[in-house]
Amino acid sequence: MNFNKPMLVSALLAATALGGAAHAQDSEKQYRFVMVSHIGSNDPNMGWLTKSMEEFEKKYPNVKTEYISTNNYSVQEHVRLLEQAISTQPDGIAVPIVSSDAFEGPLRRAIEAGIPVVAFNIPDGRPEGERIPYLTYVGGDEFLTGKRLGEYALQKVEAGEIPKPAHVVCASHDSAHQGLKARCAGMKEVMEAAGAKFDELFIGAEPATARNTLQSFLQANPDTNYIFTVAGWSSPWAWGVANEMKLDPDVDDKGMTVLTVDEGPVSIEGVRAGHILATNSQGFWLQGYAPMEWLYWNKQFGYAPQSDILTGPVVINKDNADKWAELVRGVFGDKAYDEQNTW
Amino acid sequence: MKQLVRGQGFGAIIGVAVMLAVFTLIDFSGWWTIQTISNVTQFTAILAFVAMGQALVIMTKEIDLSVGSVYGLAGVAFITVEPALGVPASFLVALGIAALVGLVQAIAVVKGELPSMIVTLGGLFTARGIIYVWTGGSVHNFSPDARSHPLTRLLGGELFGIEAAILWLVAIAVILSLVLWTTPFGNRLLATGGSRESAESRGVRTDRVKIAAFVLCSLLAGFAGILTLCNQPQTHVTLGENMELEAIAAAVIGGCLLTGGRGSILGAILGALIVVSFRYELIALGAPSSWYITFVGVVLITAVIFNQKLARFLGHSV
Chain A
0 MNFNKPMLVS
10 ALLAATALGG
20 AAHAQDSEKQ
30 YRFVMVSHIG
40 SNDPNMGWLT
50 KSMEEFEKKY
60 PNVKTEYIST
70 NNYSVQEHVR
80 LLEQAISTQP
90 DGIAVPIVSS
100 DAFEGPLRRA
110 IEAGIPVVAF
120 NIPDGRPEGE
130 RIPYLTYVGG
140 DEFLTGKRLG
150 EYALQKVEAG
160 EIPKPAHVVC
170 ASHDSAHQGL
180 KARCAGMKEV
190 MEAAGAKFDE
200 LFIGAEPATA
210 RNTLQSFLQA
220 NPDTNYIFTV
230 AGWSSPWAWG
240 VANEMKLDPD
250 VDDKGMTVLT
260 VDEGPVSIEG
270 VRAGHILATN
280 SQGFWLQGYA
290 PMEWLYWNKQ
300 FGYAPQSDIL
310 TGPVVINKDN
320 ADKWAELVRG
330 VFGDKAYDEQ
340 NTW
Chain B
0 MKQLVRGQGF
10 GAIIGVAVML
20 AVFTLIDFSG
30 WWTIQTISNV
40 TQFTAILAFV
50 AMGQALVIMT
60 KEIDLSVGSV
70 YGLAGVAFIT
80 VEPALGVPAS
90 FLVALGIAAL
100 VGLVQAIAVV
110 KGELPSMIVT
120 LGGLFTARGI
130 IYVWTGGSVH
140 NFSPDARSHP
150 LTRLLGGELF
160 GIEAAILWLV
170 AIAVILSLVL
180 WTTPFGNRLL
190 ATGGSRESAE
200 SRGVRTDRVK
210 IAAFVLCSLL
220 AGFAGILTLC
230 NQPQTHVTLG
240 ENMELEAIAA
250 AVIGGCLLTG
260 GRGSILGAIL
270 GALIVVSFRY
280 ELIALGAPSS
290 WYITFVGVVL
300 ITAVIFNQKL
310 ARFLGHSV
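Just so you know, the protein sequences line up as chains A and B, in that order. All the letters of the first sequence, read from the start, carry residue numbers 0 to 342 under numbering that gives the first Met the number 0. All the letters of the second sequence, read from the start, carry residue numbers 0 to 317 under numbering that gives the first Met the number 0.
Hints may be right or wrong, so weigh each one.
Across the chosen pairs, the derived CB separations fall in these ranges [said to hold, decoys possible]:
#1 Trp290/B with Gln154/A: 35 to 43 angstroms
#2 Leu19/B with Gly128/A: 51 to 59 angstroms
#3 Asp337/A with Val132/B: 19 to 27 angstroms
#4 Ala16/B with Lys322/A: 53 to 61 angstroms
#5 Gln154/A with Leu166/B: 41 to 49 angstroms
#6 Arg108/A with Ala170/B: 35 to 43 angstroms
#7 Asp198/A with Ser147/B: 50 to 58 angstroms
#8 Ser147/B with Lys253/A: 21 to 29 angstroms
#9 Ala272/A with Asn186/B: 37 to 45 angstroms
#10 Asn186/B with His166/A: 54 to 62 angstroms
#11 Val169/B with Lys63/A: 52 to 60 angstroms
From the structure, some residues in chain A lie toward chain B, with a derived Cβ separation under 8 angstroms [what the hints assert, rightly or not]:
#12 Asn41
#13 Thr49
#14 Ile67
#15 Val74
#16 Gly113
#17 Phe201
#18 Ile202
#19 Glu205
#20 Ala207
#21 Arg210
#22 Gln218
#23 Ala219
#24 Trp232
#25 Gln339
By construction, these hints were calculated from the structure, which means they are not laboratory data. Glycine included, C-beta positions come from ideal geometry on N, C-alpha and C.
Only chain B is shown next, with the shape it has when bound in the complex:
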């Protein structure tokens, strides 16, 4: 129990528990249905991929505003090059493009010593602009053959009656958590965000750690874009628009501190669950859907205050 409380996703666990209790009280029959749970978890899985990547970057005391555009760019690349290269190669090309965007931004931040907020804001506009120019305003269709390709089904269909995205999320979240908490890289990542000078004095190559975090973040966003299109290939050039804000909100609600060195993969997933659940429940309760963003703002501020107080209570300096 003590370990759970000290865990960096504890604030998010409390948040989810409170949210579920409130939703149960006000809308038991609407909330606890298989369709609702299926809807919420499916979209949580997509946002959680992007939020996990964002969490890794935030843990290094940086931020990545380009994830929504990278999510869109990878998805659009996957569909656009598929007729020429086939599904497996277009999958690799799309992931390669995502990784390249992450790498270029990371080098600009680390080697150019530029603020990540500015660099990735530029990345956001650049990647979105590339989508517009590349597609001419209209994303191509995904052929019936491509839709029935085994890789497409593996990424976007159902496995054992469960949406593939959810299973992929569980698998990748477990791997990332293990990397974060049981490997030297995870230790270095948190140390880089916690105190860069201290980490460097102990021989941590913080520049390499940050580059790895940015590349991983872009890869996760790109992978989420591909998963989305494998599941629902009807898309648009707006794919991923404003998703960076939801991803940052999810990571922060999940316990990531923008001061770096603190956060968790589980917290990012739970943060995404809270964001998506609020959208669902507000609409279910009949509130205008445009209110959703207001509620996300309120939840975000509440979560930041709560997480900071929790961190201080546990003796962390924030």
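Bound conformation, chain A alone:
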């Protein structure tokens, strides 16, 4: 297997996982892997991870997986949960590196104690020798997420389908989340190169406060014509504010253009309805499954991947949104999908 091709590794993992062949081996040692996540029950994306971990357990009945998470956007709370998880001495941990500084101490202690760690969703952004020595990172590239979405927007500008960006605002709900900062940074690189002004705005996670903050920004910066929300669930708020201010936020060659992230129903249906130009998939399902698979292979066979495993980004636009909707409906079910579409 060529481990230098992260996307290929992802595809193979998906094929292995979705193939569904159960390899229950009762004589094997029992393992317990814990995913300590920042994606809690306040975030619909949690479903991707928990459902994929259920699939993993079906394939490996000798492994028990646990999903624990914070329900607020707090690095401190996340570190506390991580330390609690480490103290239970699991056989493996999967964790997003929301803050390299805050997670370094507990994770290095865990690794030194022989607990294999896989980073998922957010990597340690520092260079190879300096970063936390986890086995591998499984997830999207947050910087590329912003960058690819920005590049897609510029392609549409070239085609005359949307306005040229003059001033782009990246609306973030968590000012301490380095993954969100990286998304903004990716978008910033592309947009500034195209001559647009760029601002990052902390809007918070509370809907009314976020709307108030964004509305204030748009009124004070009337040249703003692109909004990039770094969470899918905040995209309807951004669209709603722009619509209320009569800024024509639907996708066309005038007014405001809104971009967002995630492959959740809100984001996909926003694209399908013509409210959102594009969103992205970071392969959430794989981010739940693949870390467990690698922890298992590491414990059982001593295998370790030779590079990080990228599961995204994949740009979701009006051309492929229908297929994505079909895929997501298959995971979440029609009822849950329709309920989560808040447009």
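Fit chain B to the supplied structure of chain A, relying on the hints for placement.
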């Protein structure tokens, strides 16, 4: 004039006057626009409902930390049960849930003789947890039929070209002010917070007064949550998160003393106006939006010092 100075929202009136003068000087063209005023007043109205309820509780020398979660829980309940019950019934159910939370907390405080800070902190976590469990992380959508229902439009649309929330605020603020200043209940409420022993010696059932204050506070927070969703039905489970802190700040900036027995409905509204205006203007001036909370802290401390000095100057014991 003398009455105005002695009025318990006088500190907030001065605060608003100073704030407006400063904003006028530094950003006249940005501040005095119809869009700005509309934005600020709309969000002030929502926060003011929660702050008014908080003010009532603070006047009884208690505090309610659960209002943000109750605001969220009522809003989420309104949207979640609507498909089964319809808009009017879900409105009543949501308000009923809010009132129930207030009642349970009040009974725990009054009958259990527990500190309100601890009880309502528990209420904050419990109500938020219920939201997470109930919704599974994703608040349901509000159907097109529900959005166009007359009650939804009455609560969340525009009436006579003005945001409905503002008109509701004016109506309810007038009623609450009348209750506070012209009825025996208002007198008992202030007496309960001013000196509980003295109030009880005069036959005031302070336990009932406190229970009423907590229930009213939760009802106002729940009503604000419903108004928010009638206006903008796209929401999230974070609805109302940290709003309790802004509401307490608004009530205190508006002249409520945590020592009880002093405060006003007008002051709470003006306090909310100051909090929301600062958020707007800081962003308009290009400051990072995360600075806003720092400024609220500074304004809060300044307001407490000012209100205490003002109260002492007017001969009140604080």
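Here is how each hint holds up against the structure:
no. : hint                                       : result
1   : Trp290/B with Gln154/A: 35 to 43 angstroms : holds, 36 angstroms
2   : Leu19/B with Gly128/A: 51 to 59 angstroms  : holds, 56 angstroms
3   : Asp337/A with Val132/B: 19 to 27 angstroms : holds, 21 angstroms
4   : Ala16/B with Lys322/A: 53 to 61 angstroms  : holds, 59 angstroms
5   : Gln154/A with Leu166/B: 41 to 49 angstroms : holds, 47 angstroms
6   : Arg108/A with Ala170/B: 35 to 43 angstroms : violated, 59 angstroms
7   : Asp198/A with Ser147/B: 50 to 58 angstroms : violated, 36 angstroms
8   : Ser147/B with Lys253/A: 21 to 29 angstroms : holds, 28 angstroms
9   : Ala272/A with Asn186/B: 37 to 45 angstroms : violated, 55 angstroms
10  : Asn186/B with His166/A: 54 to 62 angstroms : holds, 55 angstroms
11  : Val169/B with Lys63/A: 52 to 60 angstroms  : holds, 58 angstroms
12  : Asn41                                      : holds, 5 angstroms
13  : Thr49                                      : violated, 10 angstroms
14  : Ile67                                      : violated, 14 angstroms
15  : Val74                                      : violated, 14 angstroms
16  : Gly113                                     : violated, 34 angstroms
17  : Phe201                                     : holds, 5 angstroms
18  : Ile202                                     : holds, 7 angstroms
19  : Glu205                                     : holds, 5 angstroms
20  : Ala207                                     : holds, 5 angstroms
21  : Arg210                                     : holds, 7 angstroms
22  : Gln218                                     : holds, 5 angstroms
23  : Ala219                                     : holds, 4 angstroms
24  : Trp232                                     : holds, 5 angstroms
25  : Gln339                                     : holds, 5 angstroms
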